[in-house]
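**Q** Produce the entire structure from the sequences given, and follow the hints as far as they go.
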Amino acid sequence: MKDWAAVVAAGLRLPGVEQATTYGKPALKMRGKMIAAATAPDSGSFVLAVSHEEKEVLLDTEPGVFWQTAHYDGWPAILVLYGSDADARIALLLARAWWDRATVAQRWTVGERP
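Note that the numbering used here numbers the sequence shown so that position 80 is 1169, with each residue one more than the last.
Check each hint, because a few of them may be wrong.
[Said to hold, decoys possible] In silico DSSO-like pairs for lysine-lysine, Cα to Cα no more than 27 Å straight-line:
| hint | residue 1 | residue 2 |
| --- | --- | --- |
| 1 | LYS1091 | LYS1114 |
| 2 | LYS1118 | LYS1091 |
| 3 | LYS1122 | LYS1091 |
If you're looking for bench data, these hints aren't it; they were derived computationally from the structure.
**A** Okay, here's the thing in structure tokens:
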């Protein structure tokens, strides 16, 4: 994702995702819960909601794309650098964050967790 606009475009393709704010910054939310936000500690990254298990794998396998500060240690969110070539993986993670916040009925429309 080259910038926040690209994250928003990818996120808004998912049903029920809305533009909102969190801590006064732009965010994408599903059912009032954050999926992604422009609240990263630097302007070259954004925050993405992920499971704890996924977070460990991402930090281990792609440290040039995914990172964290002490603030995010222990939280189900990871920092993502803009401009990487990991668009497909980031889109998958957005879809998983959507699925994790979706109702059972919404999950039925897409099937298993991506």
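**Q** Determine for every hint whether it applies to the structure shown.
**A** Comparing the hints with the structure gives:
1. LYS1091 to LYS1114: Distance of about 18 Å is within 27 Å: holds.
2. LYS1118 to LYS1091: Roughly 20 Å between the alpha carbons, so the hint for LYS1118 and LYS1091 holds.
3. LYS1122 to LYS1091: holds (24 Å)
Going through the hint list in order, the structure satisfies each hint without exception.
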